[in-house]
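*Asks:* Spelled out from the first residue to the last, the chains are:
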Amino acid sequence: MGYIFYPGCASEATGKASFISFEAVVKALGMDVHDEIPDWNCCGASLVANAVGDLAQQAIAARNLALAEKAGKDVIVACSSCYLNLSWTNEKMKIDPKFHSQINEALGAGGLSYSAGLQVRHLIDVLINEVGLDKVRERTIKPLEGLKVACYSGCQTVRAIRRPDFDDVEFPVMLDRLVEALGATAVPFPMAARCCGGAQQFTNPELIYDLTGKVLDSAAENGADVIVTPCPMCALNTDAFQDKIAKLKKKKYNMPVLFVTQLMGVAFDLKPKDLAFPYNIVSPYKKLAKWVKK
Amino acid sequence: MTAANKQASRYDPAFANELYAIENGEYMKQCMQCGLCVVTCPARHLMDLQPRKYFKAIQAGDRDQVLKANTPWLCTSCNLCTVRCPRGIPIIDVMHGMKLYLAQKQGIKVAPGALFSKTFFDVMLKRGRQWEAWLTQMYYLKAGPGAIKDAMKMIDVAQAMVFKKRLPLAPAKTIKGKSQLKKIYEKAAALAKEGH
Ligand code: SF4
Ligand code: SF4
Ligand code: SF4
Ligand code: SF4
Numbered sequence: 001m002g003y004i005f006y007p008g009c010a011s012e013a014t015g016k017a018s019f020i021s022f023e024a025v026v027k028a029l030g031m032d033v034h035d036e037i038p039d040w041n042c043c044g045a046s047l048v049a050n051a052v053g054d055l056a057q058q059a060i061a062a063r064n065l066a067l068a069e070k071a072g073k074d075v076i077v078a079c080s081s082c083y084l085n086l087s088w089t090n091e092k093m094k095i096d097p098k099f100h101s102q103i104n105e106a107l108g109a110g111g112l113s114y115s116a117g118l119q120v121r122h123l124i125d126v127l128i129n130e131v132g133l134d135k136v137r138e139r140t141i142k143p144l145e146g147l148k149v150a151c152y153s154g155c156q157t158v159r160a161i162r163r164p165d166f167d168d169v170e171f172p173v174m175l176d177r178l179v180e181a182l183g184a185t186a187v188p189f190p191m192a193a194r195c196c197g198g199a200q201q202f203t204n205p206e207l208i209y210d211l212t213g214k215v216l217d218s219a220a221e222n223g224a225d226v227i228v229t230p231c232p233m234c235a236l237n238t239d240a241f242q243d244k245i246a247k248l249k250k251k252k253y254n255m256p257v258l259f260v261t262q263l264m265g266v267a268f269d270l271k272p273k274d275l276a277f278p279y280n281i282v283s284p285y286k287k288l289a290k291w292v293k294k
Numbered sequence: 001m002t003a004a005n006k007q008a009s010r011y012d013p014a015f016a017n018e019l020y021a022i023e024n025g026e027y028m029k030q031c032m033q034c035g036l037c038v039v040t041c042p043a044r045h046l047m048d049l050q051p052r053k054y055f056k057a058i059q060a061g062d063r064d065q066v067l068k069a070n071t072p073w074l075c076t077s078c079n080l081c082t083v084r085c086p087r088g089i090p091i092i093d094v095m096h097g098m099k100l101y102l103a104q105k106q107g108i109k110v111a112p113g114a115l116f117s118k119t120f121f122d123v124m125l126k127r128g129r130q131w132e133a134w135l136t137q138m139y140y141l142k143a144g145p146g147a148i149k150d151a152m153k154m155i156d157v158a159q160a161m162v163f164k165k166r167l168p169l170a171p172a173k174t175i176k177g178k179s180q181l182k183k184i185y186e187k188a189a190a191l192a193k194e195g196h
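So the protein sequences, as listed, match chains A and B. Taking this note's numbering, I'd label the letters of the first sequence as residues 1 to 294. Taking this note's numbering, I'd label the letters of the second sequence as residues 1 to 196.
Hints listed in this document are in silico derivations from the structure and should not be mistaken for laboratory results. From a predicted model like this one, the values you see are computed outputs, not experimental measurements. There is no bait here: all hints are sound.
Chain A side only, calculated, beta carbon under 7 Å to chain B, not exhaustive: (1) Asp39; (2) Val48; (3) Ala49; (4) Ala51; (5) Val52; (6) Asp54; (7) Ala59; (8) Arg63; (9) Arg159; (10) Cys195; (11) Gly198; (12) Leu207; (13) Leu211; (14) Phe241; (15) Ile281.
Result set (DSS-like, lysine-lysine): computed pairs, CA atoms no more than 25 Å apart in a straight line: (16) Lys286/A / Lys249/A; (17) Lys98/A / Lys182/B; (18) Lys250/A / Lys286/A; (19) Lys286/A / Lys165/B; (20) Lys153/B / Lys165/B; (21) Lys149/B / Lys247/A; (22) Lys286/A / Lys214/A; (23) Lys73/A / Lys173/B; (24) Lys142/B / Lys173/B; (25) Lys164/B / Lys293/A; (26) Lys294/A / Lys148/A; (27) Lys153/B / Lys244/A; (28) Lys70/A / Lys173/B; (29) Lys164/B / Lys247/A; (30) Lys16/A / Lys287/A; (31) Lys290/A / Lys164/B; (32) Lys165/B / Lys244/A; (33) Lys70/A / Lys176/B; (34) Lys126/B / Lys187/B; (35) Lys16/A / Lys178/B; (36) Lys273/A / Lys165/B; (37) Lys164/B / Lys287/A.
From chain B, some residues computed to sit far from chain A (all C-beta separations above 10 Å): (38) Phe15; (39) Cys34; (40) Val39.
Where a beta carbon is used, it is the ideal one built from N, C-alpha and C, also for glycine.
Whenever a hint applies, use it, and build me the whole structure from the sequences.
*Replies:* So, in structure tokens, the structure goes:
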């Protein structure tokens, strides 16, 4: 039945490059992804759960599912945090009848309902299990031979529904397989599903410096040229805070952070505007000079 | 009051029961103190009570310790403890419940995380979507001069983000279903109150 896209708020700001490259890659692969959920709202993230509790936050997230059901399509998500909020709400409605009826009572106040009949799928899951790596290999025009990549799945991507689903919850490998299909080398990266500190940039910055620092250290120690991630928050912390962390630790990283769809765009030889490199804070041009002209 | 009495009054079963009754609070009864969440937690070194001790203090009804602990405010919702806990406790959900409880009990200034979460929610509900640049301004406005000093330390990061168009200063889109969203939220909040 195809997919409908939930972009999430980050797609309009911190994760703009994810949005642009996602749309281009979807087109390049001829994926069955159509439109955005009409009039989608913010999923709320854990911050809203902090402020108003789980049920209220999940009802807010569920409005999107109700709107997707009206369109009759399964949901595809790229942001890890959005994925957690939508897929966990969906999953909980499937397994917990009381929760199902509470959410529907809340949705009813807005004239909506949701049967919990849809699937919520992460982009990486769909790429691996629906599109398939053969198709990705086939579409690769410029194999990224020699490029060493630290594949940062991020913590919530693989633990959203709290049990092994499309990847291992502690040591994910699917992003590695995807990057290898582009001809690149996935370096060993023990931090692949470890936390970067999440959304505590303003409230506990030392946590971000510490945890994101460990992620950057691990990528550097394992010889990565670039970090690749599907998650706008992981990307924000590792990219925008990199210089600051480097200064604090008296180190130099020079570690560009790309959305996985940006890297796919490079291998697929998509147009420069589809790669959305101008949004990257640590410039990726030098490390990718073999494949992309500035 | 004798020293022994003072010691005895430190632990209040009624307080434990009060916490078991909050949203997701009942799970805290299940903790068997194995400590797996502690070795798991990436934020443990900054917590004054690491998760296992935090749950112990709750079970013991140790009001003072629980109320002053920064534990839930440091939880990043990374979900690693949740997938590992042998008792199947959804620890992040418990932390959400505790944060809501603490903010209601002690006010929004109980921790920077409480104020930030509330501001995030207010901005989001009004527009239906998040607008980070506005959120940041609103947060610092409410947080006061001390926080603004901290904000100045972040100016380099913010500048780079604005320069690379990752922190648009122009308003984000609003949704058409704003009042629908508000009704859904209000109903769910009322249901949550009833259920606990
Ligand atoms: S998780 Fe973040 S990006 Fe996703 S919808 Fe919520 S606020 Fe927006
Ligand atoms: S690694 Fe950080 S940003 Fe990424 S999903 Fe985890 S907490 Fe969120
Ligand atoms: S892992 Fe679970 S049971 Fe073990 S101490 Fe932590 S919360 Fe308690
Ligand atoms: S979810 Fe929270 S408490 Fe659990 S390991 Fe992650 S940061 Fe620690």
